[in-house]
Each structure stands twice: as structure tokens, then as C-alpha cells.
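Asker: Sequence:
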Amino acid sequence: MVNITIWHNPRCSKSRVTLGLLQEKGIDPVQVKYLEKPPTVAEITAALIALKIPPFELMRRNEPAFKELKLSKESTDNELIAAMANHPVLIERPIVFAGKNAVIGRPPENVLRLLED
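Note that our numbering has the sequence shown beginning at 1, numbered continuously upward.
To be clear, the hints were calculated from the coordinates, so they are not data collected in a lab. Among the hints, erroneous ones may be present.
Listed below are the simulated DSS-like cross-link pairs for lysine-lysine, each with C-alpha atoms no more than 27 Å apart in a straight line [said to hold, decoys possible]:
{"no.": "1", "residue 1": "Lys67", "residue 2": "Lys100"}
{"no.": "2", "residue 1": "Lys52", "residue 2": "Lys14"}
{"no.": "3", "residue 1": "Lys33", "residue 2": "Lys52"}
{"no.": "4", "residue 1": "Lys52", "residue 2": "Lys25"}
{"no.": "5", "residue 1": "Lys33", "residue 2": "Lys14"}
{"no.": "6", "residue 1": "Lys52", "residue 2": "Lys100"}
{"no.": "7", "residue 1": "Lys67", "residue 2": "Lys14"}
{"no.": "8", "residue 1": "Lys33", "residue 2": "Lys67"}
{"no.": "9", "residue 1": "Lys37", "residue 2": "Lys14"}
{"no.": "10", "residue 1": "Lys100", "residue 2": "Lys14"}
{"no.": "11", "residue 1": "Lys14", "residue 2": "Lys73"}
{"no.": "12", "residue 1": "Lys14", "residue 2": "Lys25"}
{"no.": "13", "residue 1": "Lys67", "residue 2": "Lys52"}
{"no.": "14", "residue 1": "Lys52", "residue 2": "Lys70"}
{"no.": "15", "residue 1": "Lys37", "residue 2": "Lys70"}
Taking CB as the label site, the calculated pair distances span [what the hints assert, rightly or not]:
{"no.": "16", "residue 1": "Arg113", "residue 2": "Gln31", "range": "13 to 23 Å"}
{"no.": "17", "residue 1": "Asn86", "residue 2": "Lys25", "range": "26 to 36 Å"}
{"no.": "18", "residue 1": "Glu109", "residue 2": "Lys52", "range": "13 to 23 Å"}
{"no.": "19", "residue 1": "Thr76", "residue 2": "Asp28", "range": "34 to 44 Å"}
{"no.": "20", "residue 1": "Val30", "residue 2": "Ala65", "range": "23 to 33 Å"}
{"no.": "21", "residue 1": "Arg106", "residue 2": "Glu36", "range": "14 to 24 Å"}
{"no.": "22", "residue 1": "Val2", "residue 2": "Pro64", "range": "34 to 44 Å"}
A virtual CB, placed ideally from N, CA and C, is assigned to each residue, including glycine.
Could you put together the complete structure from these sequences and hints?
Answerer: Right, here's the structure in full:
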């Protein structure tokens with residue numbers, strides 16, 4: 001089995017449920033508390049490649065920082081990625097990685113797709 005990593009926020013119910021689902025399957029993932037140790041631009045870019053989505057889809061658009069930074073669908077990919085690196089609260093959570101693949105745990109059951117491979 002490939003190593004599993006979760007970008008985890010223990011205060012987020014979806015993140016906790018996703019972690020619980022992994023643990024129920026006997027998986028003890030590496031937990032990266034991304035709000036305490038924000039991912040770099042390179043790490044966010046790698047996550048987007050693994051998720052196969054554009055940066056805008058990884059953004060928590062209801063966060064006050066999104067509006068304060070004047071971000072929008074028209075913002076460039078580089079602007080959005082830089083904003084996530086500087087304000088990790090803007091990153092949708094949780095993200096679960098398995099090898100070169102990743103899913104966003106919203107809903108938490110999405111993580112089960114990673115375990116099928």
C-alpha cells in the first residue's frame with residue numbers, strides 16, 4: 001500500500017470524519033496540520049496536479065481572506081496559489097494524498113476512491 005497523507009485541520013468536522021474513515025480502514029495517514037505549517041507554492045502546485053483541478057477550485061471562497069485579498073475567478077493561477085501559500089485558511093480541506101493521486105474530503109467519502117486503486 002502506498003503512503004497516505006492528509007492535509008488536516010483538527011478543528012474541521014469534515015477533516016476529522018475523513019481521518020476517521022481512513023483509520024477505520026486500518027490506515028494511519030501522515031497528518032500535516034497545514035494551518036500550522038503552511039504548504040509552499042511548490043507543494044500547492046503539486047497538490048493541484050494530483051487533484052487534477054485548477055487553483056480556483058481549491059479555494060475556500062467564503063473565507064473573509066478571499067474577499068479581503070480581492071480574489072476572484074478572474075485572478076491568475078499564480079495569484080491564487082500565492083494567496084493559499086500565504087493564507088492557508090483559503091485551502092479547501094481536507095486533502096488526502098496517495099502516491100500521485102489526491103482527493104478533497106468533501107464529502108469525506110471521497111477518500112474511499114483513493115483506496116480502490
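Asker: Against this structure, judge whether each hint is valid.
Answerer: Hints versus structure:
The hinted pair formed by Lys67 and Lys100 fails the criterion: a straight-line CA distance of about 32 Å is larger than 27 Å. Of the supplied pair hints, the one linking Lys52 and Lys14 holds, its CA atoms being roughly 21 Å apart against a limit of 27 Å. Proximity of Lys33 to Lys52 is assessed by CA-CA distance (about 22 Å); at most 27 Å being required, the pair is judged to hold. For the proposed pair Lys52 and Lys25, the alpha carbon gap of about 25 Å is at most 27 Å, so the pair holds.
Proximity of Lys33 to Lys14 is assessed by CA-CA distance (about 14 Å); at most 27 Å being required, the pair is judged to hold. A hinted pair counts as satisfied when its Cα atoms are at most 27 Å apart, and Lys52 with Lys100 qualifies at roughly 10 Å. Taking the CA atoms of Lys67 and Lys14, the gap is near 23 Å; set against the 27 Å cutoff, the hint holds. Taking the CA atoms of Lys33 and Lys67, the gap is about 24 Å. The hint holds against a cut of 27 Å.
For the hint linking Lys37 to Lys14, the alpha-carbon distance of about 19 Å falls within 27 Å, and the restraint holds. Note on Lys100 and Lys14: the hinted pairing holds, with a Cα-Cα distance of about 22 Å set against a maximum of 27 Å. Between Lys14 and Lys73, the direct Cα distance comes to roughly 25 Å. Compliance with the 27 Å bound is thereby established for this hinted pair. A hinted pair counts as satisfied when its Cα atoms are at most 27 Å apart, and Lys14 with Lys25 qualifies at roughly 17 Å.
At roughly 25 Å between alpha-carbon atoms, Lys67 and Lys52 fall within 27 Å of each other, so this suggested pair holds. With a C-alpha separation of about 25 Å, the suggested pairing of Lys52 with Lys70 holds against the 27 Å cut-off. With a C-alpha separation of about 24 Å, the suggested pairing of Lys37 with Lys70 holds against the 27 Å cut-off. Restraint check, Arg113 to Gln31: a C-beta distance of roughly 20 Å satisfies the suggested window 13 to 23 Å.
Checked against the given bound of 26 to 36 Å, the beta carbons of Asn86 and Lys25, roughly 34 Å apart, stay inside it. Between Glu109 and Lys52 the beta carbon distance is about 18 Å. The supplied range of 13 to 23 Å therefore holds. Evaluation of the 34 to 44 Å hint for Thr76 and Asp28 yields a pass: the beta carbon distance comes to about 38 Å. Look at Val30 against Ala65: about 26 Å separates their beta carbons, and that is inside 23 to 33 Å.
Restraint check, Arg106 to Glu36: a C-beta distance of roughly 21 Å satisfies the suggested window 14 to 24 Å. The hinted range of 34 to 44 Å is satisfied by Val2 and Pro64, whose Cβ atoms lie roughly 37 Å apart.
The earlier numbered hint that this structure contradicts is number 1, and it is the only one.
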